[in-house]
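Order-wise, the sequence lines are chains A and B.
First residue of the first sequence? That's 1388 in this note's numbering, and the numbers climb one at a time after it.
First residue of the second sequence? That's 1206 in this note's numbering, and the numbers climb one at a time after it.
If you're looking for bench data, these hints aren't it; they were derived computationally from the structure.
Nothing false has been slipped in among the hints.
These stretches of chain A come out as covered by chain B in the derived footprint (C-beta under 8 Å, 3 or more residues): (1) 1393 to 1406; (2) 1413 to 1427; (3) 1669 to 1679; (4) 1690 to 1704.
These figures come from a predicted structure and were not determined experimentally.
Even for Gly, the Cβ is constructed at its ideal location relative to N, Cα and C.
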Amino acid sequence: MNRGYLIRRAIYAFVTFLIVLVLNFAIPRIMPGSPVQYFANPKILPSIESHLLTQRFGLDKPLWDQFLLYITGVFKWPPDLGVSYTYYPAPVWSVIMNYLPWTLLLVGSATVVTAVVGILVGIWIGSKQGTKTDTVVTSVSLFFWTMPFFWLGAILLWFFSIYLHVFPAGGAESMNLSGMPILSQVGDIAQHAFLPALTLTLAAFAGYSLIMRNTIVEELGQDYVTVATAKGLSHRAVLFKHAARNALLPMITLIGLNLGYVVSGALLVEVVFSYPGVGWLTYQAVLSHDYPLLQGLFLVLSVAVILANFLADVVYSFVDPRIK
Amino acid sequence: MAFMQKFSHFKLPKDRRVLVGISILGFFTFVAVFAPFLTPYGPHQVSGPPYASPSLQHWMGTDELGQDIMSQVLYGARISLTVGFSVALAATFIGSLVGLVSGFYRGAVDETLMRLTDVVLILPALPLAVILAAYLGPSVQTIIEVLTVTGWPLVARVVRSQTLSLRERPFVDAERVIGAGNGRIMFRVIIPNLLSLIAANAVLAITGAVVGEAGLDFIGLGNPSVVSWGTMLYWSQNLNAILRGAWWWILAPGLCIALVGLGAVLISIGIENIFNPRLRGR
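This is chain A alone, in the form it adopts within the complex (with noise of 0.2 Å):
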């Protein structure tokens, strides 16, 4: 591990979320249309309420006083992203709170499994580079890699949930699930889980296959591989314990790289699924012209993305002694 490193890889994360922040603000202020027709109308929320909303966030007074009242907000806790259009009088935070848990579930345990698969593929076609199997492994990965991951997901429902009954047709949970013993509760929201999970693991899953692949293969030209299988090392002891070691590396910020990647994927698999993830919720937002939720969803999401790219430089500095 390196303090510098991490200062500058924080450093970066921060500055990151002060575009996101500006972003965050200026976008609906270019476009066509008033702040206070956005975040405040008085023709969809109480005319108390939107002249409340108007004042706390300064929706009638210059831009700057705007952008400071907006960081103000923003910087509170818990912050203050306006009122929500559609759950009115729900201020926005609370509403995506709400949902967040499902989605990160989602994207936690897809990311993880997506990589494991992804490393593991990569590997064995790594080793069988310019084979018939490298072939036709790499070729359906790519194309696996190029479908819409919704239109999986509806596919994968279709099958699974509608010709053969054997998984929920959407829903996290099933209802009254409290009265029920824990372990079988655990198992309800793990099998309606399954699905969009495998979607985005699916879908996904090339993003680590084919670098791991490419790495192996030029770790296997290496002059240290040439060196253990000298020494007589079996085939799988070289590829494992030499050469998919040192492909490892790359592959942790390759997380972090690909997750702006899967939670876009993820919050439209979700609506397939109806699972009321942040996904779901954005579906909401959008038919309903939520423009407070939806700022509030593009933040809460950006920061989230910038947090675990954060944590990947943050583990890669501590397993790889070369970051100085």
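We have chain A already, so just place chain B on it with the hints.
Relative to chain A, chain B alone:
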């Protein structure tokens, strides 16, 4: 999807993939142009019973109003490909320009442009696209604009790194010695050397754009009365086609998107392989 740069290392049969890719894109372009001659039904014409499964009259079945799915797939290719090609062009143009300027001037210009590039690259594209599209109103043009905004950074990154290396080459020094200005060096010397790379990335951008179009349409940010592969999926979701077991409504549009995407990726890998001799035979 920074890893795309590494795709070029794959050992698939060498030029066959460009051929396959061009055939796929060519096929869909043909379909888009000649859609009216390939199907007896209009895309909005009610031509059969609702939710009819595939039959001789309706090869891909019908939707909830009894409109022919195949006609919609054929006509939908027009919008989906238009969006795909337009976004690829626009994003490549902006990305190349940013990458070129950034890599050529380096220093503070580079730092600023690349910070912005990284932000757009690292953020989840969908929420950003959603807030942009939500204000611009649902239309095909909105989708093209929004996808361009989220699509350029990848190209910028690739072009920048190549520009950084090209500007140090002897032939650039030679140009400078004979008195060439910055503009001439950038556009007459560096750009021609980057053309294959830019072409490879432009084709690759089609994949992202076609998939992105579908996603934005699907979540309700497109114009639902325009027929595209994305809006087909939007309606099928909205009317619970899957829960009704109407798999034929969703199967074709998604397969077309994935095939176009695959075709573009194959061409892109092929181009890089042909023009980059280091990669040959790997």
